[in-house]
Amino acid sequence: MAEENGSNLKQFTDGVVANNPVLVQLLGMCPTLAVTNSVENAIVMGAAATFVVVMSNLITSLLRNLIKPHVRILIFTLTIATFVTIADLTLKAYMYKVSQQLGAFIPLIIVNCMIICRAEVVAIKNGVGRSLADAFGIGLGFTLALAILGVIREWLGAGTITFPGFAPIAVMPDAFTANGHNWIIMILPPGAFLTLGAVVAIVNQLRMKSEGGAA
Amino acid sequence: MSIGSLIGIFIGVALVNNLVFSGFLGICPFLGVSRKVDMAFGMGCAVTFVITVSGIVTWLIVHLILYPLSQAVFQDPAMLNFLKYVAFIMVIASMVQLVEMYLRKFFPPLYTAFGVFLPLITTNCAILGACLYIDMKPETQNLLPAATYAFGGGIGFMMAITIMAGIREHIRFSSVPKCLQGAGITLLVAGILALAFTGFTGIGK
Chain A
49 MAEENGSNLK
59 QFTDGVVANN
69 PVLVQLLGMC
79 PTLAVTNSVE
89 NAIVMGAAAT
99 FVVVMSNLIT
109 SLLRNLIKPH
119 VRILIFTLTI
129 ATFVTIADLT
139 LKAYMYKVSQ
149 QLGAFIPLII
159 VNCMIICRAE
169 VVAIKNGVGR
179 SLADAFGIGL
189 GFTLALAILG
199 VIREWLGAGT
209 ITFPGFAPIA
219 VMPDAFTANG
229 HNWIIMILPP
239 GAFLTLGAVV
249 AIVNQLRMKS
259 EGGAA
Chain B
401 MSIGSLIGIF
411 IGVALVNNLV
421 FSGFLGICPF
431 LGVSRKVDMA
441 FGMGCAVTFV
451 ITVSGIVTWL
461 IVHLILYPLS
471 QAVFQDPAML
481 NFLKYVAFIM
491 VIASMVQLVE
501 MYLRKFFPPL
511 YTAFGVFLPL
521 ITTNCAILGA
531 CLYIDMKPET
541 QNLLPAATYA
551 FGGGIGFMMA
561 ITIMAGIREH
571 IRFSSVPKCL
581 QGAGITLLVA
591 GILALAFTGF
601 TGIGK
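Chains A and B, in that order, are what the protein sequence lines are. Take 49 as the starting number for the first sequence in the numbering used here and just add one per residue. Take 401 as the starting number for the second sequence in the numbering used here and just add one per residue.
Chain A with its partners taken away, still in its complex shape (with noise of 0.2 Å):
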């Protein structure tokens, strides 16, 4: 038993660091992108998607001796998008001025491949504990990847940043923002790719040199 909770922890926490699905494998790249703009959207953004595929794991997961293998793209989908709407109606009902920011990037959580491969991946051939330690560790991790991105541009672009619920913390000295010296170009979707290229340069130097540094 203490054996397997350790590799529920090592799941878990190979899904924040060392299976980031954003920085490491590169996936869910269209809602990293879209809603980075400021923190508060990519932290909303984050917990939506890590509720669904916590939910998403844990019905393939129950399923996984049901599924017959053919039609298993489409239950996972199917699963996927219920909780979608799930998650973009209670949006809707709490955090109304969020979920009209964050637009059509809600629903456009069933195609994210980082769902799909996780139910692929774990969640179809592992029990329902490991499968959640899974879905938590690359729920956090792909909140994670979001709000340093969010910090960034929101830093950069608008000189504020804001936390889901508070206004807006000016982190700049006035002159930044005053008379549009502000760089707006990182808060436009330029920015994103950038941003996101640079983040990913760095992650990838400092994967080079951890296994440069073990070999």
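Any given hint could turn out to be false.
To be verified - Computed spacing ranges between beta-carbons, pair by pair:
| # | chain 1 | residue 1 | chain 2 | residue 2 | range |
| --- | --- | --- | --- | --- | --- |
| 1 | A | Pro117 | B | Gln581 | 28 to 38 Å |
| 2 | A | Ser258 | B | Tyr502 | 24 to 34 Å |
| 3 | A | Ile232 | B | Pro577 | 26 to 36 Å |
| 4 | A | Pro212 | B | Ser575 | 41 to 51 Å |
Read the hints as simulated data drawn from the structure, not as lab findings. No residue lacks a Cβ here, since even glycine has one placed at the ideal position from N, Cα and C.
Following the hints, put chain B in place on chain A, whose structure we already have.
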């Protein structure tokens, strides 16, 4: 619906609000299948085809089945809206399957050309994204504008992925820093391309 407004919708979605560069849709194939121009062009054609067909079919399902059914049962056309996402993804998955079977039977050469890409398209968010935008936007509530929007979106995606592949074929011969190789440099190039595409802002309005 005048021809001018249809052209406006087409230019709007293909250039100004390009699905890849300003809508962030279909990034996975955009990064994954853009190593060679011919592969990228094939993927672009397959996506354009599926996006147009699914755009039309989801429009038909929403306006001819969901709204009337909900009106008949609940006296309110919006009551069944929670079924939309499940309906959309079912339509896209089965459209891809149908297109695959149809091509295999009637256009074998095209099928072998598209072959590998077709199953991948189900999880291409450009398709679901275009269907969702058609459903949300007030100007695409009729069939013809909806079809134009879907086709324009597909053409925009094809253009973006082909341009990217052309650039990546050249990048292969230049010395890129080791940590940037692969996804890093592709994302940076995409950022510069997106910067170029923001130059279209304001056209067609």
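So, going through the hints one by one against the coordinates:
no.: 1; hint: Pro117/A to Gln581/B: 28 to 38 Å; in the structure: holds (36 Å)
no.: 2; hint: Ser258/A to Tyr502/B: 24 to 34 Å; in the structure: violated (50 Å)
no.: 3; hint: Ile232/A to Pro577/B: 26 to 36 Å; in the structure: holds (28 Å)
no.: 4; hint: Pro212/A to Ser575/B: 41 to 51 Å; in the structure: holds (43 Å)
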